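Just add 12 to the spot in the sequence shown (first one is 1) and you have this note's numbering.
Some clues are possibly wrong.
Said to hold, decoys possible - Beta-carbon label-pair distances, calculated as ranges:
1) LEU107 to ILE72: 26 to 32 Å
2) GLU116 to GLY52: 36 to 42 Å
3) TYR67 to ASN103: 38 to 44 Å
4) GLY43 to GLU84: 20 to 26 Å
5) ARG64 to GLN105: 29 to 35 Å
6) ASN103 to GLN53: 18 to 24 Å
7) SER104 to TYR67: 42 to 48 Å
8) ALA21 to ALA74: 35 to 41 Å
9) ASP80 to GLU116: 50 to 56 Å
10) ILE72 to LEU141: 51 to 57 Å
11) LEU115 to LEU92: 47 to 53 Å
12) ASN103 to THR76: 34 to 40 Å
The set of hints was computed from the structure by calculation and includes no laboratory data. Only a predicted model underlies this, so the values are computations on that prediction, with no experimental measurement involved. Note that beta-carbon positions come from the ideal geometry of N, C-alpha and C, so glycine has one too.
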Amino acid sequence: MSKQNGGSAFPASVAVGPADDKYSSFDIDPGMSLRDWFAGQALNGLMANPERYEYLAERISAGTLSQDQATEKNVKKAYLIADAMIAERDNSQSLQAEMLETLEYIERNFTGPLPDKWGDLQTAIEYALPVIAKAKGDS
Numbered sequence: 013m014s015k016q017n018g019g020s021a022f023p024a025s026v027a028v029g030p031a032d033d034k035y036s037s038f039d040i041d042p043g044m045s046l047r048d049w050f051a052g053q054a055l056n057g058l059m060a061n062p063e064r065y066e067y068l069a070e071r072i073s074a075g076t077l078s079q080d081q082a083t084e085k086n087v088k089k090a091y092l093i094a095d096a097m098i099a100e101r102d103n104s105q106s107l108q109a110e111m112l113e114t115l116e117y118i119e120r121n122f123t124g125p126l127p128d129k130w131g132d133l134q135t136a137i138e139y140a141l142p143v144i145a146k147a148k149g150d151s
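Given these sequences and hints, build the entire structure.
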């Protein structure tokens, strides 16, 4: 997955041809990027916002902005939103990896009673962090 574009919006692991022949995702076009998908969704929201539409329409009517400039503003804003969404997604994935690493530490080093809701990752982490800090001498 490319950090720049978020990877494929609709990845396929296998495609089946007309004669039931199978192609791996490396053999087929990956389609639009996740960045493009997010930008398209953001652009829909921007265009559906009546306040933004009125603001741009007033500037076009006043002659301070051309239609092409208004379109360019919307597209740039949509990609800024898409980039922010990908950055947040990457941050969330990093946090998830850190949480999983913490759970693995618990499984290796903690022998006490486990919380009733062990399947609830957040509860497990909240329960485990003070125990880990104490075990590491950070308390």
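Against the structure, the hints:
no.: 1; hint: LEU107 to ILE72: 26 to 32 Å; result: violated, 43 Å
no.: 2; hint: GLU116 to GLY52: 36 to 42 Å; result: holds, 38 Å
no.: 3; hint: TYR67 to ASN103: 38 to 44 Å; result: violated, 31 Å
no.: 4; hint: GLY43 to GLU84: 20 to 26 Å; result: holds, 25 Å
no.: 5; hint: ARG64 to GLN105: 29 to 35 Å; result: holds, 31 Å
no.: 6; hint: ASN103 to GLN53: 18 to 24 Å; result: holds, 19 Å
no.: 7; hint: SER104 to TYR67: 42 to 48 Å; result: violated, 32 Å
no.: 8; hint: ALA21 to ALA74: 35 to 41 Å; result: holds, 38 Å
no.: 9; hint: ASP80 to GLU116: 50 to 56 Å; result: holds, 54 Å
no.: 10; hint: ILE72 to LEU141: 51 to 57 Å; result: holds, 54 Å
no.: 11; hint: LEU115 to LEU92: 47 to 53 Å; result: violated, 35 Å
no.: 12; hint: ASN103 to THR76: 34 to 40 Å; result: holds, 37 Å
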